Amino acid sequence: MKLDEIQSNLLKTIADLEGTPEGAVNIRIDGSPVLRHSSPGIEITPKTDKPGFDLTVAPGSRGETVHVPVILTKAGLKDLVYNSFIIGENADVTIIAGCGIHNSSHMNSQHDGIHEFILHPNSKLRYVEKHYGEGRGKGKKILNPTTMVHVAEGASIEMEMVQIAGVDDTVRNTTVHIGSKGHVKMIERLLTHGSQHAESNVEMYIDGVSGSGQVLSRSVAKENSEQIFRAALIGRSDCTGHVECDSIIMGDSKIKSIPQLVAEDARAVLTHEAAIGKIAGEQLIKLMSLGLTEQQAVDTIIEGFLR
Amino acid sequence: MLKLNDISMVVGNDQGENREIIRGINFEFEAGKVYGITGPNGGGKTSLAKLIMGIYMPSQGRIYLQDKDITPLSISERAQLGIIYAFQQPPRFKGLTVKDLINIARPGIDNLHLRMTLRDVGLCPEDYLDRDVGPGLSGGEMKRIEMAQTLAREAVVSIMDEPEAGVDLWTIQKLIAVIVGRYKKNPRLTTIIITHNENMLHICDEVLVMESGMLVHRGTPEEIWPHIKDEIECKMKEQCSGDVAYEIR
Ligand SMILES: Nc1ncnc2c1ncn2[C@@H]1O[C@H](COP(=O)(O)OP(=O)(O)O)[C@@H](O)[C@H]1O
Ligand SMILES: [Mg+2]
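Chain order of the listed sequences is C and H.
Counting from 302, one number per residue, gives the positions in the first sequence under the working numbering.
Counting from 640, one number per residue, gives the positions in the second sequence under the working numbering.
For reference, chain C alone in the conformation it holds in the complex (with noise of 0.2 Å):
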């Protein structure tokens, strides 16, 4: 795999990749895959009837990380991938995702991924994502990705979804679906400054006894951005789910924050938070009286509160 500067700079950054990674990877740049491997536990193979690949981790494989990075450095170009991960029966692993996209021209970059996670049952799956997005052209950088996710009885599956910079406008669409004693917890991590547009909705099924359900948001809107997140829990049996949405905002920015709750059984118990409201006074007095500057104690506290 032969990469240019901005390319090893972004996988660096989306999923903290140096060189060629040890174990199973799937590295897609401007639209195609430059470099694949499995490994005994784990398998990636291609889609025939469209663009992507099928991971699946065999049943009982434990303790494996596996990278998955997209990255778009040509301008102009509007990357659509299906990805499918299948995770085997008491299977154990961590999949790194991640997007980054560099564009200095005037024409919008895309990528619109199209993820499916099926947990088997009792499987467990940590999966991070983080979006960024660089350059100084008009262009946007635009990313949209849809997940479904199933998780079979006794599995869980930790979701960490992170976009820090740089994308312009993205709506992120994700369905869950939770077996009995199934376990799913959902992180947004979201910042958007200039005029950045930036949508979340998650519709979160929690459908077998015992299944638990948390969508924990946190998210900064800067300057003219605008942000929209819709989290809803739909309990369908005797269940809990958690619904937090906490958001820092900031200059001419606007924020719309719909928790959303709907009980399909009466022994289902569901909760939200949400909050909206800018930086306290006295945190930025409390910090300058540490020897910060006031612009050293406003980026000291979103970054602590996005962390």
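Any given hint might turn out to be false.
Heads up, simulated BS3-like pairs for lysine-lysine below, C-alpha to C-alpha not over 30 Å straight-line [stated by the list, open to error]:
#	chain 1	residue 1	chain 2	residue 2
1	C	486	C	523
2	H	824	H	813
3	C	313	C	482
4	C	425	H	733
5	C	431	H	738
6	C	579	H	868
7	H	733	C	557
8	C	313	H	738
9	C	523	H	672
10	H	733	C	579
11	C	486	C	431
12	C	348	C	375
13	H	672	H	868
14	C	303	C	379
15	C	431	H	733
16	H	733	H	672
17	C	555	C	431
18	H	738	H	868
19	C	523	C	482
20	C	441	C	303
21	C	439	C	486
22	H	813	H	672
23	C	375	C	482
24	C	482	C	441
25	C	313	H	823
26	C	555	H	733
27	H	672	H	642
28	H	813	C	523
29	C	303	C	425
30	C	348	C	379
31	H	738	C	486
32	C	486	H	733
Computed footprint of chain H on chain C; a stretch qualifies when at least three of its residues, placed anywhere within it, have a C-beta under 8 Å from a C-beta of chain H [unchecked claim]:
#	segment
33	572-580
34	593-600
Sample of chain H residues facing chain C (criterion: CB under 10 Å; computed from the structure) [unchecked claim]:
#	residue
35	714
36	715
37	726
38	730
39	732
40	733
The set of hints was computed from the structure by calculation and includes no laboratory data.
All values reported here derive from a predicted model rather than from experimental measurement.
No residue lacks a Cβ here, since even glycine has one placed at the ideal position from N, Cα and C.
Chain C is fixed; fit chain H with the ligands onto it per the hints.
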């Protein structure tokens, strides 16, 4: 070291009337000394501390640090010159840990000193270093973390606003020992403790009593304590149904 020259502060109330909450204070705090400030609630102790830190601006008067006029300086600038204020009610931060705050207070602090600082305020480093300074901490824990930042910073002027509030007796004794060991014996440092605690007041070289925005008495702890004892005990009983009376004896 720190000189207050005819400091007054006027605030407006809801009715649009002006009220002078600090009234013509003249005082010079010397290096190498520990000062206590006490007096009834609402007397202006916290406001005076905030004036020194630059959180409030005086409507009249000047403040000098080591002969430099710091009256026009911002909070950050005063902090960089060596003033620190441990808040009476420290704010909480979502996402910043105890370790983060101490690192900001003392950039580059090594692990050993980081841990020592926490032990000095009665917190176990293993349990607290990575804790969020957020809604999960009690008031007493917040106060101790606030003190830890102040200790770590080793500023030339340290102002501690009721460090004993909500903190257990054992930790108060520990704090007193640390203040004696680190501040009282250091000829470079000036320490100002706002407190109602008898043991705290007794380690001070000089005690000031503030009432209605003025310094009404000054003297040694031995001279001052008998005059204020009854009033403080009585106030504490009123506010805490007697619980704290035991603590200040
Ligand atoms: N920012 C402010 N605006 C208006 N009034 C204030 C402000 N800060 C303090 N005060 C008032 O000034 C008086 C002194 O308060 P404070 O300095 O907190 O006293 P202490 O710390 O001695 O209890 C009180 O009556 C308080 O309500
Ligand atoms: Mg006070």
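Straight-line alpha-carbon gap residue 738(H) to residue 486(C), limit 30 Å: Answer holds: residue 738(H) to residue 486(C) is near 26 Å, not above 30 Å.
Measure nothing beyond the straight line between the CA atoms of residue 555(C) and residue 733(H); if it is 30 Å or shorter, mark the hint as holding.
holds, 21 Å
Pair hint residue 733(H) and residue 557(C), alpha-carbon separation not exceeding 30 Å:
Between residue 733(H) and residue 557(C) the Cα gap is close to 20 Å, so the pair holds against 30 Å.
Q. Should the hint that residue 726(H) touches chain C count as held when the rule is a Cβ pair under 10 Å?
A. OK, holds: residue 726(H) within 10 Å of chain C, min 7 Å.
- Is residue 672(H) within 30 Å of residue 642(H), Cα to Cα? holds, 14 Å
**Study point:** Outcome, coverage hint (the segment 572-580 of chain C, chain H; C-beta under 8 Å; three residues)
**Key:** violated (count 0)
Worksheet item: Holds or violated: residue 486(C) with residue 523(C), Cα cutoff 30 Å?
Response: holds, 27 Å
Item to check | Satisfaction of hint between residue 431(C) and residue 486(C), Cα-Cα up to 30 Å | outcome: Given pair residue 486(C), residue 431(C) holds - Cα atoms ~16 Å apart, limit 30 Å.
| 30 Å limit on alpha-carbon distance, applied to hinted pair residue 733(H) and residue 579(C) | This hinted pair holds, its Cα atoms lying about 13 Å apart.
Quiz item: Does residue 523(C) lie within 30 Å of residue 813(H) when you go C-alpha to C-alpha?
Solution: Distance of about 44 Å is beyond 30 Å: violated.
query: Are residue 431(C) and residue 738(H) close enough, with their CA atoms no more than 30 Å apart?
result: The hint holds at about 26 Å.
(message) Just to be careful: measuring from the Cβ of residue 732(H) to every Cβ in chain C, is the smallest value less than 10 Å?
(response) holds, 6 Å
The structure shown violates the earlier hints numbered 3, 6, 9, 16, 18, 19, 21, 23, 24, 25, 28, 29 and 33.
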